[in-house]
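Visitor: This is what each chain is made of:
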Amino acid sequence: MADMTEFTRPQNENFIKLGIDIGSTTAKIVVLDGSKLLFEKYERHFSMVRAKTLELVKEARPYLEGKTIKAAISGSAGLGLAEEADIPFVQEVFATAEMAKNIAPDVNVVIELGGEDAKIIFFDGGIDQRMNGTCAGGTGAFIDQMATLLDVSPDELDDLSLDCKKIYPIASRCGVFAKTDIQPLLNQGARKEDIAASIYQSVVNQTIAGLAQGRKIEGKVMFLGGPISFNKGLKKRFVETLHLSEENTVFPKYAKVSVALGASIYASKQDVSFSYNELCERIEKAKAAASSVQTLEPLFSTKDEYIEFSDRHKKAAVEQKDISSYTGNAHLGIDCGSTTTKLTLIDDDCGILYSFYDSNKGEPVEIVRGQLEKIYSLCGDRIKIASSAVTGYGEELIKHAFGIDFGIVETMAHFGAAKHFKPDVDFILDIGGQDIKCFKVRNNSIDSIMLNEACSSGCGSFLETFSKSLGYGVSDFSKMALFAEKPVQLGTRCTVFMNSSVKQAQKDGADVADISAGLSVSVVKNAIYKVIRANSASELGENIVVQGGTFYNDAVLRAFEKEIGHNVIRPSIAGLMGAFGAALYAKSNIQGESSIITKEALSEFTHTSKSATCRGCTNNCSLTVNTFSDGKKFISGNKCEKGLGGTKPIEDVPNVHQFKRDYILSLPETPSAKRSVGFPLGLGMYELAPFWHAIFTRLGFNVVLSGMSSREIYSLGQNSIPSDTACYPAKIMHGHIEKLVGLGVDAIFYPCLTYNFDEKAADNHFNCPVVAYYSELLHSNMDSLKETTFLYPYLNISNEKELARGLYDYLKTYFTDISKSDVKAAVRCGYEAHEKYMTAIENEGEMAIEFARRNSRRILVLAGRPYNIDMETGHGIDKLCESLSFVVVSEDSVWKKASEKPNVNVLNQWTYHSRLYNAAKFITENEDAELCQLVYFGCGVDAVTTDETRDILEQGGKLYTQIKIDEITNMGAVKIRLRSLIGALNERNK
Amino acid sequence: MTNEKYIRKYPIFTEEMKKDYTILVPTMLPRHFKIMLGILNAYGYKTHLLDNMGQNVINEGLKYVHNDTCYPAQLVIGQMIDALNSGKFDKHKVALMITQTGGGCRASNYIHLLRKALEKAGYGYIPVVSLNFSGLEKESAFKITMPILHRLAYAICYGDLMMDLVNQSKPYEVNAGDSEALADRWTERLTRQMTTGKLSRKTAKQNYRLIIEDFAKIPKQGTPKPKVGIVGEIFVKFSPLGNNNLEDFLVSEGAEVVVPGLLDFCLYTMYNALIDRKLYGYNKKSAIIYKVLLELFASFQQDLINAIKQEGSFNPPMPFKEIPPLAEEVISLGVKMGEGWLLTAEMIELIHEGAQNIVCTQPFGCLPNHIVGKGMMKPIKEKYPKANIVAIDYDSGATKINQENRIKLMLSTAVVTQDKRPMFQK
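So the sequences go chain by chain: Z and X. Note that my numbering has the first sequence beginning at 1, numbered continuously upward. Note that my numbering has the second sequence beginning at 1, numbered continuously upward.
One or more of the hints may lead you astray.
[Stated by the list, open to error] Chain X is nowhere near these chain Z residues, computed Cβ spacing over 10 Å in every case:
| no. | residue |
| --- | --- |
| 1 | 104 |
| 2 | 424 |
| 3 | 790 |
[Stated by the list, open to error] So these bits of chain X aren't anywhere near chain Z, every CB distance computed over 12 Å:
| no. | residue |
| --- | --- |
| 4 | 18 |
| 5 | 66 |
| 6 | 293 |
[Said to hold, decoys possible] Result set (BS3-like, lysine-lysine): computed pairs, CA atoms no more than 25 Å apart in a straight line:
| no. | chain 1 | residue 1 | chain 2 | residue 2 |
| --- | --- | --- | --- | --- |
| 7 | X | 138 | Z | 901 |
| 8 | X | 120 | Z | 525 |
| 9 | X | 383 | Z | 786 |
| 10 | X | 400 | Z | 486 |
| 11 | Z | 812 | X | 278 |
| 12 | Z | 820 | X | 284 |
| 13 | X | 400 | Z | 525 |
| 14 | X | 378 | Z | 220 |
| 15 | X | 285 | X | 138 |
| 16 | X | 284 | Z | 760 |
| 17 | Z | 285 | X | 400 |
| 18 | Z | 216 | X | 383 |
| 19 | X | 120 | Z | 562 |
| 20 | X | 278 | Z | 801 |
| 21 | X | 278 | Z | 824 |
| 22 | Z | 801 | X | 284 |
| 23 | Z | 253 | Z | 235 |
| 24 | Z | 216 | X | 378 |
| 25 | X | 198 | X | 46 |
| 26 | X | 225 | Z | 269 |
| 27 | X | 400 | Z | 52 |
| 28 | X | 386 | Z | 216 |
| 29 | Z | 896 | X | 9 |
| 30 | Z | 824 | X | 284 |
| 31 | Z | 901 | X | 9 |
| 32 | Z | 760 | X | 138 |
| 33 | X | 278 | Z | 820 |
| 34 | Z | 269 | X | 408 |
| 35 | X | 285 | Z | 801 |
| 36 | X | 381 | Z | 216 |
Bear in mind the hints are in silico, worked out from the structure with no lab data behind them. For every residue, glycine included, the Cβ atom is placed at its ideal position computed from N, Cα and C.
Whenever a hint applies, use it, and build me the whole structure from the sequences.
Guide: Okay, structure coming up:
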């Protein structure tokens, strides 16, 4: 019961107040007499919104019967009920504000985290209520998902977090990205305690950056909502991050029912009142109201259909052999995936002797060790492990730990396995726990690879997490789907969106079976339309093999067949295909003895891991150092080969990205100049730095660059970002500005450039809206810019005369000593400097190509924007490519080499992208060159350019590789993609 | 400025096709478009306004358009392909019409995305015509000639006027449906007039007067309701298909909706040509034409404002010439991609007109709106502390409940600050 002294309202009401709050997962109810709390209850509703509400109201009967009741409903899932029952509804943030104003008037800020929403209310200077946008992680559902990922309960997650030693940076905007960050940390053996605390920290960062958006959180802060009430570790992170003193931190006892309390206060101000019976009747009536939700066809309309279906799929099986009677050689395949570990042991005829499939519980090394022990004991002296291979996220770790013979990239393993079932397979779709992979096969080699991205994330673990949150086991949950009569339409974007679709369905009273079937269809549609982006079934291929653990789920399998309109093959070992493929690979590639750890060495095997920071360069990568019993070490987490304990000497390989970085960072300062100007090094400035540097230096400025981005720079400016779905290169500009302000420069310059240079290669020469006008946003949202002179003129750099005119007109109002002829001369210097820079890039490109040809290396055009070269926003992917033996060049170093300008289907109107198209054309004309396009999350322009670039490449018989990047810091997935490219190229060359 | 020589070949809308091809037009502003199409029909085109909606439209859009492309493109293209699939039209006797803004925003690419989608869907032979005022797509026999443009300007004025009047009457009408029905009758009448009758400014002024008088006669009652303005990316701002029937939702929640008109957007695109001249030295020759057009169209708008003022029952829109200075309070007029500075200006305009409660709509991931919408809320709130703005993203994956919940939060504040004095005195 809440502390009554905290209620200050006088008891002069002649009615009873009832507040109901129905959130995405729980229902809460309070009954008050004046300020006296008579009854409170908090329960999960398992999607049965109306029934649960009625149940709770009935429980409160002793306090309600015979009284005049003023009631109101709040909460996102309560909206529909309130409408149909005709009971007053109050928006939940508003209810929270009502509650705080009445019960705790001295509070300055309320932070509330709910199941799926985060809210913040400022009370000073007029109430300011904010709620997260649609694209946002960092809520209760997110924490639950992360706990599932670590295979702990939310309570255990909390306990773990209290014992942390290190906080890892985890992308906080989107739950999916956070997962991408956490998964490799787990697989590399980072401590769970540290990860747990890092998860909470990311929630805190998300709340502060995403919601407060620069407004200071100060004074007395009240924390509300389930996640904060239940998690001590989360509280701790909030208090530490906000530097709150104890007296300014309010964790009220009534936190869980705060919205319900607010609803009751709101109710007291309404004119309508009810009797107990009336109230029950209304809710009951609403319960029976018809559903308005969009529905789909059932998965199976008859039992016979289902029988035909399951009989058909039973045929795609592998022979299972008895390990206890077999004698001879065996081959081991391990798939150390993102959430699960799979093993298969096959005999010389590819029959399966042993297999294993389970969650890796965040400890893949331990799981594999246990399994090897078991296999050795089953094998006895009869069976010899003649070869072994490992694939998946944990490939390198496992390979090092247990002396596995081969490490192969996942896509190759899956292809090998699929061929075993269908030699003429032309399309493989793998839906695993965390990711969707699909590839087309042409001429017996992988032709194109598509992996899911942030906004297309509905995979297996999503179904699992969801079924758990609704209170069911995943297999029961999927069985319910098979004969659901009206599967609900749930949309396809990302898990956050699907969660809210389910909320909508719940609101409309859909039952669990229909939701389950709807989710299966969503996962499938997501794969087809978001990841593969197919238009029709025929586009996928004739001979489709589907695999991955998610396809054990008959509902998903059926939904897939229905959606594409024909039958597919699901191997009986759908979840083991990676491991099976690895075993097949090992079997056919082994030469000599296997290097796998011996039975004896295994019995003494130990493994410890600790975290460290690499000091090899300014990147300061977080490293995980794994030490094994034989003293061998395995280090992971690094972006480049440095810091690996000197395993490889660094060769002097040309890299155009590196060249460009060096060039820009070595632009000289002139400290003797009478005034200084700072350039934020981001977006368009990356290309134009030499240009503007020459102009301003000539005009007598000391030009100071903000330097290469880093995560620290990002966090400097994170709290003034108004739109969190803008691209990372834009958002990081805030940090660069803060840094420059901190350096105390006299002015900061970042112009608005509607038009870029006209390189005569396209229909127009626009910049994208973000590159063009981000200064306006910086000016409007960054208070620190008021401390300095911010120069952001609108200029036309495609015309020298116009530029001189515009620049002079602008500068003369700030600097009276600058003359028109000075500006003219300076602008000339600028064009010369730009010309020089571009020529230098082209020469470097030339050299790199020559080097590659001399050394028979592959050339990789790492293409996109000039700002790809930034080590933070571009994540140093060029370094990774280099470590994979590519010679890296940029699109601006090769685009002029294309024999002709490619024809495109779209309006070719952006300068950066016309270079991209030309570079793609160049690739199609050179056998030893490949292109990989870096795409920033949130880049609307790239929705147009990626398809075009793919088109140009594919028409020229080339592979298209795309890497989508955001704030993600871990490179595992990027590496898989690049290695898949290499694998596919090798296959092609065979 | 734009010559498009690097675009692949596609079927052109030819002079012969004018005779017997039906041009299908997507739903954006049903009433405006109806009158506008009437004009095109009078000039020898055969047009048809599409009205198919629903999940199928979204599904077709998802199928044929890159999923990260803005929602409006998905909807418009989805609607067209859904219509072609319906079998209601002779596929070899139809063309499709799409608007093209011509600017650094990806919206200029809609037409090309549509052509790509048609190709993929097996309709590659169907010609597409572009409705633009920037001189794009010159080869097409579909041409907005000066006389057509002149008439279209009137159509837009009529459309804007009726939109304003319906918005101001509907929340207070005694007999539900009166306002919409009246607007429908007038739309029919005006369409007929545009097709057959002579066009003169005098007729237009007379029409304005009659329309306003008719709307004033609708019986109304009640206390003033909180005014809620809608701004945003042009498609999701206006189209019920794009914004999940936002206007109806707001009215059902007890608000009076205020939507700045389409004419302002047209004037904004012309004004930008002048700005380009000023900032970058472009359009040296054409600037004078834009200037004349701008002044002419602005004077049409003034006729309309005068008529509303004269009658006295309704609030007129703000004259266009007063709008750019509002934007300049917080943003430069150089921001011209998408809805650009106009969107920011409209938020301030609404605040000045007593609609400080604002829904700022945009497709999920809309690039210009990062800057002109969400990016300008802080300075606007600093300048106008009463501003109560909510940004809502629209997308095939976004759910109505999420959107409505956020709008309700904005509305709860709106209700608290609302003036409750009676409005219609007998």
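Visitor: Run every hint past the structure and note whether it holds.
Guide: Against the structure, the hints:
No beta-carbon of chain X is positioned within 10 Å of the beta-carbon of residue 104(Z); the least distance is around 19 Å. For residue 424(Z), the non-interface assignment is confirmed: its Cβ lies about 26 Å from the closest Cβ of chain X, beyond the 10 Å cut-off. At the 10 Å boundary, the C-beta of residue 790(Z) stays outside the reach of chain X, the nearest C-beta of that chain being 13 Å off. Distance to chain Z confirms residue 18(X) as a non-interface residue, since its nearest Cβ pair spans about 25 Å, more than 12 Å.
Here residue 66(X) does not stay apart from chain Z, with its beta-carbon only about 5 Å from theirs, under the 12 Å limit. In this structure residue 293(X) is separated from chain Z by more than 12 Å, as the shortest Cβ-Cβ distance comes to about 22 Å. Proximity of residue 138(X) to residue 901(Z) is assessed by CA-CA distance (about 22 Å); at most 25 Å being required, the pair is judged to hold. Among the hinted pairs, residue 120(X) with residue 525(Z) is consistent with the structure: their alpha-carbon atoms are about 18 Å apart, no more than 25 Å.
Straight-line distance between C-alpha atoms of residue 383(X) and residue 786(Z) comes to about 16 Å, which keeps the hinted pair within the 25 Å bound. A C-alpha spacing of about 20 Å is found between residue 400(X) and residue 486(Z), which places the hinted pair at or below 25 Å, so the restraint holds. With a CA separation close to 17 Å, the supplied pair residue 812(Z) and residue 278(X) stays within the 25 Å bound. This hinted pair checks out: residue 820(Z) and residue 284(X) have alpha carbons roughly 23 Å apart, not beyond 25 Å.
At most 25 Å may separate the alpha-carbon atoms for a hinted pair to count; residue 400(X) and residue 525(Z) meet this at roughly 20 Å. Of the supplied pair hints, the one linking residue 378(X) and residue 220(Z) holds, its CA atoms being roughly 24 Å apart against a limit of 25 Å. With a C-alpha separation of about 19 Å, the suggested pairing of residue 285(X) with residue 138(X) holds against the 25 Å cut-off. A hinted pair counts as satisfied when its Cα atoms are at most 25 Å apart, and residue 284(X) with residue 760(Z) qualifies at roughly 20 Å.
With a CA separation close to 24 Å, the supplied pair residue 285(Z) and residue 400(X) stays within the 25 Å bound. About 19 Å separates the Cα atoms of residue 216(Z) and residue 383(X), which keeps this hinted pair within 25 Å; it holds. Taking the CA atoms of residue 120(X) and residue 562(Z), the gap is about 21 Å. The hint holds against a cut of 25 Å. The suggested pairing of residue 278(X) with residue 801(Z) holds, with an alpha-carbon distance near 14 Å, which does not exceed 25 Å.
For the hint linking residue 278(X) to residue 824(Z), the alpha-carbon distance of about 19 Å falls within 25 Å, and the restraint holds. About 14 Å separates the Cα atoms of residue 801(Z) and residue 284(X), which keeps this hinted pair within 25 Å; it holds. Restraint check: the Cα-Cα separation between residue 253(Z) and residue 235(Z) comes to about 14 Å, which is no more than 25 Å; the hinted pair holds. With a CA separation close to 14 Å, the supplied pair residue 216(Z) and residue 378(X) stays within the 25 Å bound.
About 20 Å separates the Cα atoms of residue 198(X) and residue 46(X), which keeps this hinted pair within 25 Å; it holds. Under the criterion of a C-alpha separation no larger than 25 Å, the hint pairing residue 225(X) with residue 269(Z) is consistent with the structure, at around 19 Å. Distance check on the hinted pair: residue 400(X) and residue 52(Z) sit about 23 Å apart at the alpha-carbon level, within 25 Å; holds. Only pairs whose Cα atoms come within 25 Å are accepted, and residue 386(X) paired with residue 216(Z) is accepted, the gap being roughly 20 Å.
A C-alpha spacing of about 24 Å is found between residue 896(Z) and residue 9(X), which places the hinted pair at or below 25 Å, so the restraint holds. Only pairs whose Cα atoms come within 25 Å are accepted, and residue 824(Z) paired with residue 284(X) is accepted, the gap being roughly 22 Å. Only pairs whose Cα atoms come within 25 Å are accepted, and residue 901(Z) paired with residue 9(X) is accepted, the gap being roughly 15 Å. As the CA atoms of residue 760(Z) and residue 138(X) are separated by approximately 20 Å, the hinted pair is consistent with the 25 Å bound.
Only pairs whose Cα atoms come within 25 Å are accepted, and residue 278(X) paired with residue 820(Z) is accepted, the gap being roughly 18 Å. Pair hint residue 269(Z) plus residue 408(X) holds up; C-alpha atoms about 18 Å apart against a cutoff of 25 Å. Straight-line distance between C-alpha atoms of residue 285(X) and residue 801(Z) comes to about 18 Å, which keeps the hinted pair within the 25 Å bound. Pair hint residue 381(X) plus residue 216(Z) holds up; C-alpha atoms about 16 Å apart against a cutoff of 25 Å.
In summary, the one numbered hint that this structure violates is 5.
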